[in-house]
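First to last, the protein sequences are chains A and B. Take the first sequence: its letters are residues 0 to 114, numbered as in numbering that gives the first Met the number 0. Take the second sequence: its letters are residues 0 to 114, numbered as in numbering that gives the first Met the number 0.
Quick caveat, the hints were computed from the structure, so don't treat them as lab data. Among the clues, some could well be false.
As the list claims (entries may be wrong) - Listed next, the in silico PhoX-like pairs over lysine-lysine satisfying Cα-Cα at most 25 angstroms (straight line):
#	chain 1	residue 1	chain 2	residue 2
1	B	Lys35	B	Lys78
2	B	Lys35	A	Lys35
3	A	Lys35	B	Lys78
4	A	Lys77	B	Lys77
5	B	Lys77	B	Lys35
6	B	Lys78	A	Lys78
7	B	Lys77	A	Lys35
8	A	Lys77	B	Lys35
Said to hold, decoys possible - Pair by pair, the computed Cβ-Cβ distance ranges are:
#	chain 1	residue 1	chain 2	residue 2	range
9	B	Arg89	A	Gln88	23 to 33 angstroms
10	B	Ser73	A	Ser73	11 to 21 angstroms
11	A	Ser73	B	Cys58	28 to 38 angstroms
12	B	Gly54	A	Glu24	44 to 54 angstroms
13	B	Ser73	A	Gly55	34 to 44 angstroms
14	B	Ser68	A	Gln69	19 to 29 angstroms
15	A	Glu81	B	Cys58	31 to 41 angstroms
16	B	Ser23	A	Ser87	43 to 53 angstroms
17	A	Glu81	B	Ser68	24 to 34 angstroms
18	A	Gly66	B	Glu81	44 to 54 angstroms
What the hints assert, rightly or not - Among the chain A residues that face chain B by a calculated CB cut under 8 angstroms, a handful are:
#	residue
19	Phe34
20	Leu43
21	Arg44
22	Pro70
23	Val72
24	His75
25	Leu76
Cβ atoms here follow ideal geometry from the backbone N, Cα and C, with glycine treated the same way.
There are 2 protein chains.
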Amino acid sequence: MVELPVVEGEVVPCCPPVTSAALSEADSVRMAAMFKALSDPVRLRLFSRVASHEGGEACVCDIQDVGVSQPTVSHHLKKLREAGLLSSQRRGTWVYYRVEPSVLAAMAGLLVGSR
Amino acid sequence: MVELPVVEGEVVPCCPPVTSAALSEADSVRMAAMFKALSDPVRLRLFSRVASHEGGEACVCDIQDVGVSQPTVSHHLKKLREAGLLSSQRRGTWVYYRVEPSVLAAMAGLLVGSR
Numbered sequence: 000m001v002e003l004p005v006v007e008g009e010v011v012p013c014c015p016p017v018t019s020a021a022l023s024e025a026d027s028v029r030m031a032a033m034f035k036a037l038s039d040p041v042r043l044r045l046f047s048r049v050a051s052h053e054g055g056e057a058c059v060c061d062i063q064d065v066g067v068s069q070p071t072v073s074h075h076l077k078k079l080r081e082a083g084l085l086s087s088q089r090r091g092t093w094v095y096y097r098v099e100p101s102v103l104a105a106m107a108g109l110l111v112g113s114r
Numbered sequence: 000m001v002e003l004p005v006v007e008g009e010v011v012p013c014c015p016p017v018t019s020a021a022l023s024e025a026d027s028v029r030m031a032a033m034f035k036a037l038s039d040p041v042r043l044r045l046f047s048r049v050a051s052h053e054g055g056e057a058c059v060c061d062i063q064d065v066g067v068s069q070p071t072v073s074h075h076l077k078k079l080r081e082a083g084l085l086s087s088q089r090r091g092t093w094v095y096y097r098v099e100p101s102v103l104a105a106m107a108g109l110l111v112g113s114r
């Protein structure tokens, strides 16, 4: 399981931007895992459903309209959680998924440096 | 082959940021292909070798020290070129690879919006 180190209110990219220096082998493994989590169209649309939902949070019941079966939705959400891109919380019947803007900012920072 | 539409001096992301609205199926296919190109550690290190080289350009002879065979290096460079992340130019004996900063900025824009 690869997770981005997210500190409250701060953006802490795991790795130096790709343009600043040649990546180490260890950093390349971490970064590749993050990009891989977004490399499937259905997974990316599920992620987008959560990211664009009010407050950056969505009930799993809100984001099932991507044309695949419920077990497939669950599989993709698990992959996104394992990559540290989504967090989840059970409330009563439903599981809610949340994307932290700092994670997106950290990933963008890997491409173009900190802002 | 999926290419980012890069206009000279301008950043033109192919797709809306994931946080702005739920992605369409077509956009998700394009974006996923870009992320996929960076989802392999060796490919990411080759990309970083080029991105961090002087002037954002490197001879293929400069970037072979990533611990894989030369045919594997060629295979990964081809994938990066097909995804629109690198361009290449033959000069005499060697092929030179170049990364356009606007492509990195466009990818980052997909994650956090335009800057």
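Right, here's what the structure says about each hint:
1. B:Lys35 to B:Lys78: holds (10 angstroms)
2. B:Lys35 to A:Lys35: This hinted pair holds, its Cα atoms lying about 6 angstroms apart.
3. A:Lys35 to B:Lys78: holds (15 angstroms)
4. A:Lys77 to B:Lys77: violated (31 angstroms)
5. B:Lys77 to B:Lys35: Status holds; Cα separation ~13 angstroms.
6. B:Lys78 to A:Lys78: Given pair lysine 78 of chain B, lysine 78 of chain A holds - Cα atoms ~24 angstroms apart, limit 25 angstroms.
7. B:Lys77 to A:Lys35: holds (18 angstroms)
8. A:Lys77 to B:Lys35: Given that 25 angstroms is the threshold and the Cα spacing comes to 18 angstroms, the pair holds.
9. B:Arg89 to A:Gln88: 23 to 33 angstroms: violated (54 angstroms)
10. B:Ser73 to A:Ser73: 11 to 21 angstroms: Since serine 73 of chain B and serine 73 of chain A have Cβ atoms about 39 angstroms apart, the given range 11 to 21 angstroms is violated.
11. A:Ser73 to B:Cys58: 28 to 38 angstroms: violated (47 angstroms)
12. B:Gly54 to A:Glu24: 44 to 54 angstroms: violated (25 angstroms)
13. B:Ser73 to A:Gly55: 34 to 44 angstroms: Given range 34 to 44 angstroms: holds, Cβ gap about 41 angstroms.
14. B:Ser68 to A:Gln69: 19 to 29 angstroms: violated (43 angstroms)
15. A:Glu81 to B:Cys58: 31 to 41 angstroms: holds (38 angstroms)
16. B:Ser23 to A:Ser87: 43 to 53 angstroms: violated (25 angstroms)
17. A:Glu81 to B:Ser68: 24 to 34 angstroms: For serine 68 of chain B against glutamate 81 of chain A, whose Cβ atoms are near 31 angstroms apart, the range 24 to 34 angstroms holds.
18. A:Gly66 to B:Glu81: 44 to 54 angstroms: Roughly 26 angstroms apart at Cβ, these two residues miss the hinted range, so it is violated.
19. Phe34: At 4 angstroms from the nearest chain B Cβ, phenylalanine 34 of chain A passes the 8 angstroms test, so the hint holds.
20. Leu43: holds (5 angstroms)
21. Arg44: holds (5 angstroms)
22. Pro70: violated (20 angstroms)
23. Val72: This hint is violated: valine 72 of chain A lies away from chain B, its Cβ roughly 14 angstroms from the closest one there, beyond 8 angstroms.
24. His75: violated (12 angstroms)
25. Leu76: Constraint on leucine 76 of chain A not satisfied, violated at 15 angstroms.
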